[in-house]
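K.L.:
If you want the building blocks of each chain, they are given just below.
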Amino acid sequence: MQLPNPTTVATISTLINGKVEGDGHVVITGMNEVHRTNTGDITFVDHKKFHRICVASDCSAIITNEKITTEKPQIIVDNPFSAFCFLLEKFGQKTKPEVVAVNGSFIDKSAKVGESTIIHPGCYIGADVVIGEQCIIYPNVTIQCATIGDRVIIHSGTVVGGDAFYYKKWTQPIPKYEKFKSYGNVVIKEDVEIGSSCSIDRGVTASTIIGAGTKLDNQVMVGHGVHIGKNCLLAAQVGIAGKTTLEDDVILWGQVGVSKNLVLGRGCVVLAKSGVSKNLEPGKTYFGIPAEEARAKWKEMAMARRK
Amino acid sequence: MQLPNPTTVATISTLINGKVEGDGHVVITGMNEVHRTNTGDITFVDHKKFHRICVASDCSAIITNEKITTEKPQIIVDNPFSAFCFLLEKFGQKTKPEVVAVNGSFIDKSAKVGESTIIHPGCYIGADVVIGEQCIIYPNVTIQCATIGDRVIIHSGTVVGGDAFYYKKWTQPIPKYEKFKSYGNVVIKEDVEIGSSCSIDRGVTASTIIGAGTKLDNQVMVGHGVHIGKNCLLAAQVGIAGKTTLEDDVILWGQVGVSKNLVLGRGCVVLAKSGVSKNLEPGKTYFGIPAEEARAKWKEMAMARRK
Amino acid sequence: MQLPNPTTVATISTLINGKVEGDGHVVITGMNEVHRTNTGDITFVDHKKFHRICVASDCSAIITNEKITTEKPQIIVDNPFSAFCFLLEKFGQKTKPEVVAVNGSFIDKSAKVGESTIIHPGCYIGADVVIGEQCIIYPNVTIQCATIGDRVIIHSGTVVGGDAFYYKKWTQPIPKYEKFKSYGNVVIKEDVEIGSSCSIDRGVTASTIIGAGTKLDNQVMVGHGVHIGKNCLLAAQVGIAGKTTLEDDVILWGQVGVSKNLVLGRGCVVLAKSGVSKNLEPGKTYFGIPAEEARAKWKEMAMARRK
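Residue numbers (the numbering used here), protein chains in the order written: chain U, 1 to 307; chain G, 1 to 307; chain H, 1 to 307.
Isolated chain U (complex conformation) (with noise of 0.2 Å):
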């Protein structure tokens, strides 16, 4: 998520609190969670688990409960989560929604719609949603925070931009799940198509990408933040959890599962129900749960059964 204006880390700090550990004068765009950050970005940590990625990434500062470096300037907060989620609401962009009815859709007064581009009626286009030219936007569909290309089809009853499936757990004083509220979009590129009934998360600050001639069967469900490449290929009910990356050439057969925060690479091949929890090399395929290499995995299947 990008900031309004440019600012520093000292006058963030002031914002939330907090404590300045480093150079305050380091200038801050954006905002962006930890996988997801570019230079510019302030992000926040708040798990040891996370500390090395934290630092590693490409962030300019980090907001956290304790100094975890020196390489970047950090704001220590006792609540690095609570701080971050303020900063979120305060400069999140907010337009005001106002829909009209046209030809029995409610589209946003803010919505871009290309030429030539078709929205049948029952669909939902929301504020700020730009559709690029010679679309076709099939029944009941409901788009919010995206921006769409050229000669994009979104089949019935799909909805884009939801928000992530992100909470905080707290303990304290009663048990309870904090929504991470959403502030990212959902970017597809030209001549995608989506299936009927899909799920299309929005990121929580960053975006979800969908690369140009990538094609989704019905069913699809895409978390938040995911960046699927070029000329991709998921079969029906296929389901891909937060911040995963599918470089291009990627397919994945029907109702295969995949893990967050890994990276599939490029034209490699899941083959039917399997599921992904380690990320997987660029040509090769992919078979079982969890997945694994398909011609060993079918090895110690035919094994398994000659016992």
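These are computed hints drawn from the structure, not numbers from a lab.
For clarity, every value in this text was computed on a predicted model and none was experimentally measured.
In this text, a Cβ means the ideal position worked out from N, Cα and C, and glycines have one as well.
Incorrect hints may appear among the rest.
What the hints assert, rightly or not - Keeping only pairs whose Cα atoms sit at most 20 Å apart, straight-line, the calculated PhoX-like set for lysine-lysine is: (1) U:Lys179 to G:Lys284; (2) H:Lys168 to U:Lys230; (3) H:Lys230 to G:Lys169; (4) U:Lys230 to H:Lys19; (5) H:Lys19 to H:Lys96; (6) G:Lys189 to U:Lys176; (7) U:Lys299 to H:Lys278; (8) H:Lys179 to U:Lys230; (9) H:Lys19 to H:Lys67; (10) G:Lys169 to G:Lys230; (11) H:Lys278 to U:Lys297; (12) G:Lys230 to U:Lys176; (13) H:Lys297 to G:Lys169; (14) U:Lys49 to U:Lys299; (15) H:Lys297 to G:Lys297; (16) G:Lys284 to U:Lys169; (17) H:Lys230 to G:Lys176; (18) U:Lys299 to H:Lys67; (19) U:Lys189 to H:Lys297.
To be verified - Derived CB-CB ranges, DEER-like: (20) H:Ala296 to G:Trp298: 34 to 44 Å; (21) U:Glu98 to H:Gln134: 40 to 50 Å; (22) U:Glu281 to H:His25: 53 to 63 Å; (23) H:Ala10 to G:Ile174: 47 to 57 Å; (24) U:Thr7 to G:Gln134: 45 to 55 Å; (25) H:Lys49 to U:Val102: 43 to 53 Å; (26) U:Val102 to G:Gln134: 27 to 37 Å; (27) H:Lys112 to U:Lys112: 51 to 61 Å.
Position chains G and H relative to chain U; hints supplied.
P.N.:
Only chains G and H this time, still in chain U's reference frame:
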């Protein structure tokens, strides 16, 4: 399902041309299927497999095709299933739907919507639905036969209160499935969040319940009469079959499936893609198809690979 | 797909600049893909893998890029896929959509809806759709290119008649997937019930068929050109890939996946979470990924655990 007025076993027997075994004066206040009975309920049973659970349940009377106990009054009929369906049809609530268009949604005149609740366009809110305060109902949501607490969020495309998938197979005179019509409802407690394109079926005669603070990701399917406790997490594409109970703090990861009529103990965790076919103990972690304790399962898998 | 008028192999050849091999006088009345051909149909083949099945099929002529048989007339072209798509575009029905708002739904002027059928608000009923008598279509359902029998129930959020997930991969001049546009339809017979948020795709050139009395639970995905027999049961989150056939009385439990182009024999049962990758015999019970006969599979699993 509550009856409109309390009645007696003898009176009900007259309605379905039955023969009373035991005390016909017992007062009946409700009807429920065998897995979800309370004191005062009449239930039915037509298969020996369920005799024991039926007699042991909290029900006050039983419609059956043979005498199965001396502990509770029974009404003997040829076809308990059809007799029960006849009574449901007779006593079931039938508010005549009368929807009006409000801000691009269709809301039944009998529905109640709390203060500061936002219902986006494209929704359908059916007869007798109650929605609490400060809720957000995203576009294209369908809600029927449901009572929803405060601060509940429901994302686009989700369907609350669909019919149970529940049929009786007849082989005579011609093979067919007869539908067990649904007369139950859905109860969603406060602070629940439900993702996009979820399906939450209503109970056949009882309630499907989602406990306070529980969060569902996208494309989750919750069967009829399921009880989910407080502060549970259900990741994307999870499916739970009818009348299963999840105690508090249960976590089901992506694409997990759970069979019907089970109990998953408090705080247990089921890893992604697992299939649960038996009760699970509290606090333990499970994995596999069928799901077993994760540590035992991993050991077994490692041994299979070693050979 | 039927042609508007019968024509000859020679006439079709002229349209696509082809060269006739064999008898150009053979009469052509329809077009279909190779797995769903009838007498009178012309089909296409562009991969050696399908030569045998193509020649053995009921088709009356073949568009191909080399002579493959002396038994049937062929039209030889450089690019059979593109030539076939060109003909589909030329001959395919194109009723111009003209929807009108009726009780909160959008119904095409060319659609026919039977007596005593209820269509709830928020639905879209497209061009040339036919719906029988005494049907219930719940809110927010989308139906296109479909013929639906009497007493059919379709729950909210379901999409009937979406496009096939069917692409041809080109590597030249730039890598891309070319869409095989859908010209087929969906046929749903009498007394079928379909749960919420299901996806029933239409055939590419033929029909997707759901037989009388069959019941689908929520979130079921039925691919293009699938044939489902009578009185089948498909539990929640089942997925069936294109052109597979289920004979009568087949039961698929929750989250089962079935590959394309298979035949599942009459009355066979597939247990929950299984993945079917080959034809199944009638009357047997299957389990596993890939699915095997359940008894053999359980034995194998028990042995693996013992060691």
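K.L.:
Can you list which hints this structure breaks, lowest number first?
P.N.:
1, 4, 5, 10, 13, 14, 18, 19, 20, 24 and 27
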